[in-house]
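> Sequence:
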Amino acid sequence: MNFYTFKEEFFNYLQELYALYINNKYFKHFSLIVLLAACLGLLFTGYTLFKKRKLELASASLMECIITFNQKAEETAPNWDELIAKCKELKNDHHASDLAPYFDLLCSNALLKKGLPDEALTAMEQAANNAPYNDLGILVKTKYALMLLESNDQSISAKGLEKLTALSADTKNKMRDLALYQLGRYFFAVDDFQKAKDTWSQLVSMNTIVNGAPSPWVALGQQKLNQLL
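At position 87 of the sequence shown the residue is numbered 88 (the working numbering), and the sequence of numbers has no breaks.
Worth flagging that the hints you see were computed from the coordinates, not collected in a lab.
Please note that a few of the clues may not be correct.
[To be verified] Taking lysine-lysine and the DSSO-like style, the derived pairs with C-alpha atoms no more than 30 Å apart in a straight line are: (1) 73 with 87; (2) 89 with 55; (3) 115 with 89; (4) 115 with 160.
With the sequences and hints as input, model every part of the structure.
Printed below as a string of structure tokens:
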């Protein structure tokens, strides 16, 4: 079973979350500054515009890499080295941006496509360690846990199980349903059917609503659970 390919449309979802991310109130924590003197207000306005511009540039570069990845994925003989170098260069250009970890994510996926799982895991570790704890960042952290689980090294695989278990147990994790579903899949794959059943039962009991609709992971968990009953 290939755990790190848990979502075939990962990059489509990444782009959707990316759009939501860009629209958030990035500077909400500075709202009280508007009460300062007019000169400081002007200075702050200039600063926020500067930061916003940097974020826009990083966003454009990230989207460029995503589009390039999708294009190369459709090529017969893609040059993944070209994309890897591009991701590294653009990450260096935007190393101070909150989006920097996602260049490592794309680099990791390109390395996987190239057939270099160890190098891909290293790049994904960097992405997961530096990704924020939002929906997009949690996707990266979950994928990293699944990649660790894929390792033939038992100590590395155990680390992946520990991380995935932590994600599935964190009530602050807005994508906890995803982690629970994948954890159940892991237990099922190693023939621990009781733990798989318990995990998917916990998932189904959550009855998570996503964007006004039932969670697709809950629905999938129910299907898997039905197979065990």
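> None of the hints should be skipped; say for each whether it holds.
Each hint tested on the structure:
no. : hint         : verdict
1   : 73 with 87   : 13 Å, holds
2   : 89 with 55   : 17 Å, holds
3   : 115 with 89  : 16 Å, holds
4   : 115 with 160 : 25 Å, holds
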